[in-house]
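From first to last, the protein sequence lines are chains A and B. Take 98 as the starting number for the first sequence in my numbering and just add one per residue. Take 214 as the starting number for the second sequence in my numbering and just add one per residue.
These aren't lab readings, by the way, just hints derived from the structure by calculation. The beta carbon of each residue, even a glycine, is placed where N, CA and C say it ideally should be. One or more hints might be untrue.
Claimed, not checked - Here are a few chain A residues that sit away from chain B, every Cβ distance over 10 Å (derived from the structure):
#	residue
1	THR100
2	GLY141
3	ILE143
4	SER147
5	VAL156
6	ALA159
7	VAL164
8	ARG180
9	PRO213
10	ILE225
Unchecked claim - Between beta-carbon pairs, the in silico distance windows are:
#	chain 1	residue 1	chain 2	residue 2	range
11	B	ILE284	A	PRO145	34 to 42 Å
12	B	GLU282	A	PRO145	43 to 51 Å
13	B	GLU282	A	PRO210	49 to 57 Å
14	A	SER120	B	ARG855	27 to 35 Å
15	A	SER120	B	GLY860	23 to 31 Å
16	B	ARG856	A	GLY118	26 to 34 Å
17	A	GLY187	B	ILE284	38 to 46 Å
18	A	LEU111	B	HIS846	49 to 57 Å
What the hints assert, rightly or not - So the derived list for chain A, only partly shown, Cβ under 10 Å to chain B, looks like this:
#	residue
19	SER202
20	MET211
21	LEU228
22	ARG238
23	ARG239
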Amino acid sequence: MITLADQLLVLVLLINFILLGTSRLFFSIRAVAVQGVLLGILPGLIHPFSWHLVGITIVIIAVKGFVIPQLLGRAVRSAEIKREAEPFVGYVATLLLGALFTAFSFGFAGRLPMLPEHQNYMFVPASIATLMAGFLILTTRRKVISQVIGYLVLDNGIFIFGLLLAEAMPIMVEAGALLDLLVGTFVMGIVINQINREFSSLDTSLLTSLKEE
Amino acid sequence: MMQELFAPGTLVFSATLLAAVSGVPLVCTRRLNASQGQIFSIFLMLIASCVGVAGAILVLLSGHTFLYELIWQSPFGPCQIGIDPLSAWFLLPVFLIPGCAALYARTYWHADQHPATVRTMTFFFGVMTASMSGVVLARDGISFLFAWEIMALAAYFLISTEDEKPDVAEAGTLYMISTHTGTLGLFALFPLLNLLSGSWLFPAPTSLDATSGMSAVVFVTALFAFGLKAGIMPLHIWLPSAHANAPSHISAVMSGVILKVGVYGLLRTLSFFHTVPLWWGCCVLILGVVSGVAGVAFALGQNDLKRLLAYHSIENIGIIFMGLGVALIGQTTGSTVMMLLGMSGALLHVLNHAAFKALLFMGAGSVIHAVGTREIDLMGGAARRIPYTALLFGVGSVAICGLPPLNGFVSELLIYLGFFQGIQREGGAAVASALAAPALALIGGLAVACFVKVYGIVFLGVPRAETDVECHEAGWQMLLPMLLLGVLCLGIGLVPALVVDPLQRTSLTILPILARTTGLPLQELVPLTMITVSGVVLLVLIAALAVWYRRRLAGMPCSETVTWGCAYQRPAPRMQYSASSFADMLVSMFAFVLKPQSHRKGVISDLSPDCARFSRHVPEVVLEMLYIPALMHLYRRLSGIRRLQSGVLQQYVLYSLVTLIVLLVASYL
């Protein structure tokens, strides 16, 4: 099972690169949805069977894989934008940075003092790499939709880390992960609406006009 | 059971809680309309006020200390709450003045006339009262900070009650900036105390050595943070505009109590130390002298009634600081008499100033309510139209000038006696006392001049401008609190023996050393009987003179004319003295500090001159000529750093990313 989990994590990492390298918003949303579904499967692979686990799996897959992507897709359609034009940093550069951060996170994870049963998992490096990818998307993209996607990826990173702790404090981790998502979506939903209404555009760099001089 | 129910601690805590929820009936319920809700709120506040004052008096009479501990899982350890005579002494104004102000607000800020603001105002008024009590009760740094912040924020919402007016909004912002600067000082102060004593709980009185360098830092920080709240002279910038722009009963509470909470903080901090060096006392004394003299000088130049009263608050805080300075110098020189006299003078002046300043602000509120303006130069002749307010304002004026037979005289007398004790000492103590005593006299003299101006221009003479507002006496809800405060002023002034025992107990809490050197009770140091006798004689003389004058007047032919008619054939109201002209001589004497600004338009040259104007005002010099230029300079110099705040969302996320990476990399090293 562990090998399967590791393979899924590799997929998650690959999806990070897809997200870093694409400009098409619909494609990004679908990629994040797939990433969410993969993450939903993971707890079932590393923990023994229980009905509780089934519940978690279903909720996570439903929320991360379907509900949020649906909402985002609707936002993209209603705003009539298809691409992330002119990001702050180019796609190739972002990909390279992403690769650098992934390597860095593998190196870093090896030095962490971890329990022996967690030693061989890819969880920690994958978690840090996904977190970094989220940050990269957040910092380099202009459009609000990309910001939301970046936030979701960042949150996925935290979720992967939480999987390790799932046995020790299960409810905390679930609640924390889902709450983050909810808050993120709501906040960004409000931001999307407000920015759109105020500036008739979804470009967050226009927010500079709110800066106090 | 009964005993527990009426334990001072229970009384004070229930009063605090009651005050905190007193605004709720007005906020939540749909069933009561605003006017009924206001009555209910006032009722709650009055109960809280009575219960709280009763609890405080019980503690003062018994002299016991009550300590309670709340066990909670906070990283800063347990939360301690306690009442000792020092807290109880400050609880008196904390509960008394808001009670009076709440009743006053029924007419002054009636729910039907101010439907938009009455809800928030009543709510935050209760919260502010409760949090002031919380500050005084707290016995550890963390709960102190909590209560302090709630108090500061509630006061902000109260100041900016009418924030649609630009002046009010500006005053609110200035207050907010200043109060948070002060809080910043407190954030430094408590960790420093923690370093000294090793706990977040307040150290026991006189348990810390004041001679170490760390103690000096603590002293300076406390002086800054609490001085900012108390409104000591170079740090007073927020005070005049805040007091002038808040509703009058709020100004009464702010000036009467919030400033005192600042004084309390300083007193509490000072009580932790023993072997106080001379420079502490001299520092406090000098600050007191500067605030006192400059405060009253600025007051002389004001034309706005409430702004003028606000500057008098600065003056009175100065007097309190002078008393404190005497007590500290006494501690250095080992003179118990100085300690006792200075400390009791300062403490008594805290209560006195709370009473008469609240009375004056409420009186000013009545006048403003009746006339419809804050400009002194537009008022006049109010004594004929609102005679009761005029009488009570007169009582407050005499009290604030420190004249017998009212309470201001008693506390200033204690401080004078302290100075005279200091002069008999040697070295720095004598020099400081000898220089400060005339300053106190100067303050008294200038205060008399200032209140002659206020009373003469506002209440005497004839109206200078016809206003549309119908000039009428305030309702009983406004007069009763003023009467109560007036009676309190007269009571302490005539029978100071009543407060001597509690005063002595409170001083003992701050300076336990006094208990060891027995044999010098306050009764023997101060001619209490003499004060009572001379006060009564004075009152009788005044009454006799008034009766004689009335009798004589009744037999004479009478006619009405303009005051200060200067024997003109057809005197007009506008020929009367104005506030500026009355104070002109003194203002020009102090022109080197006050920097009065004259505006002249048109010249009077020949026999039939054109229209000409002249106006003059005294700006807030410290703010306008010191702080704002300095801050503007800083603003320009720091433009480079401001680039960090670009307004680009992505850049802010980048800061987090960089921090994360730096932290991760740091773990490699």
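Hints, verified against the model:
1. THR100: holds (28 Å)
2. GLY141: holds (30 Å)
3. ILE143: Holds, because the least Cβ-Cβ distance between A:ILE143 and chain B comes to about 25 Å, which exceeds 10 Å.
4. SER147: Check passes; 32 Å lies beyond 10 Å.
5. VAL156: Answer for A:VAL156: holds, closest chain B Cβ roughly 28 Å.
6. ALA159: At roughly 28 Å from the nearest Cβ of chain B, A:ALA159 sits farther out than 10 Å, so the non-interface label holds.
7. VAL164: Fine: 25 Å to the nearest Cβ keeps A:VAL164 off the interface.
8. ARG180: holds (18 Å)
9. PRO213: Given a closest Cβ separation of 21 Å, the condition holds.
10. ILE225: violated (8 Å)
11. B:ILE284 to A:PRO145: 34 to 42 Å: holds (40 Å)
12. B:GLU282 to A:PRO145: 43 to 51 Å: Between B:GLU282 and A:PRO145, where Cβ atoms are some 47 Å apart, the hint holds.
13. B:GLU282 to A:PRO210: 49 to 57 Å: violated (39 Å)
14. A:SER120 to B:ARG855: 27 to 35 Å: holds (33 Å)
15. A:SER120 to B:GLY860: 23 to 31 Å: holds (25 Å)
16. B:ARG856 to A:GLY118: 26 to 34 Å: holds (31 Å)
17. A:GLY187 to B:ILE284: 38 to 46 Å: violated (58 Å)
18. A:LEU111 to B:HIS846: 49 to 57 Å: This hint holds: roughly 56 Å between Cβ atoms.
19. SER202: holds (8 Å)
20. MET211: violated (14 Å)
21. LEU228: With Cβ-Cβ at 8 Å, under 10 Å, it holds.
22. ARG238: holds (7 Å)
23. ARG239: OK, holds: A:ARG239 within 10 Å of chain B, min 8 Å.
Of the numbered hints listed earlier, those contradicted by the structure are 10, 13, 17, 20.
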